[in-house]
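Chains as they are written, first to last, in our numbering: chain A, 1 to 85; chain B, 1 to 85.
Any given hint could be a false lead.
Under 10 Å between C-beta atoms, here's a sample of chain A residues computed to sit facing chain B [what the hints assert, rightly or not]: (1) A3; (2) V42; (3) P79.
Where chain A lies over chain B, by a calculated footprint (3+ residues, C-beta under 8 Å) [claimed, not checked]: (4) 24 to 36; (5) 56 to 66.
Hints are computed from structural coordinates only; laboratory data are not their basis. Predicted model only: the values in this text are computed from it and were never measured. Just so it is clear, CB atoms sit at the ideal spot from N, CA and C, and this is done for glycine as well.
Number of protein chains: 2
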Amino acid sequence: MKARVYVTLRQGVLDPQGRAVLHALSSLGFDQVRDARIGKYVELEIADGPRDEAEKAVREMARRLLANPVIEDFRVEIPGEGEAR
Amino acid sequence: MKARVYVTLRQGVLDPQGRAVLHALSSLGFDQVRDARIGKYVELEIADGPRDEAEKAVREMARRLLANPVIEDFRVEIPGEGEAR
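Next comes chain A alone, as it looks inside the complex (with noise of 0.2 Å):
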């Protein structure tokens, strides 16, 4: 089974890989650009089981290693069957 972690900075973070993204994406040409923000993506391969189980140990392994909670959000997501992908 696939879950995916989504790791964000918190709004009103400083974000300075997003700044220096948002930088060159300017010098690159690409104006119409008004903000990056760089996160986190994970994507774990668990074994089979209940998928709310599932759902509840990822956010646990999300708030205890994943994301750092004083300064990240993260999101979790199960695809279900049939939108895996």
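Chain A is fixed; fit chain B onto it per the hints.
Below, chain B without anything else, positioned relative to chain A:
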């Protein structure tokens, strides 16, 4: 308009950061995790305009700056009306 870019390592490319996460999760007791791969998640705020043009531009940004096409794949997502989250 928001655009999201997911950058992942290509299949077969070694992912030491993912290995480290896998080991750390295992020592925390999350034995159900079989594999972990780490990617980047870029959130862009771009000037409003036609959606297909925006998507084309963002794919170009990904190709030229955000991803390294030799070792990374990317996926672009422009959330439509009503599915912004």
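Checked hints:
{"no.": "1", "hint": "A3", "verdict": "9 Å, holds"}
{"no.": "2", "hint": "V42", "verdict": "6 Å, holds"}
{"no.": "3", "hint": "P79", "verdict": "13 Å, violated"}
{"no.": "4", "hint": "24 to 36", "verdict": "holds (count 9)"}
{"no.": "5", "hint": "56 to 66", "verdict": "holds (count 6)"}
Hint compliance for this structure: hint 3 is the single one not met.
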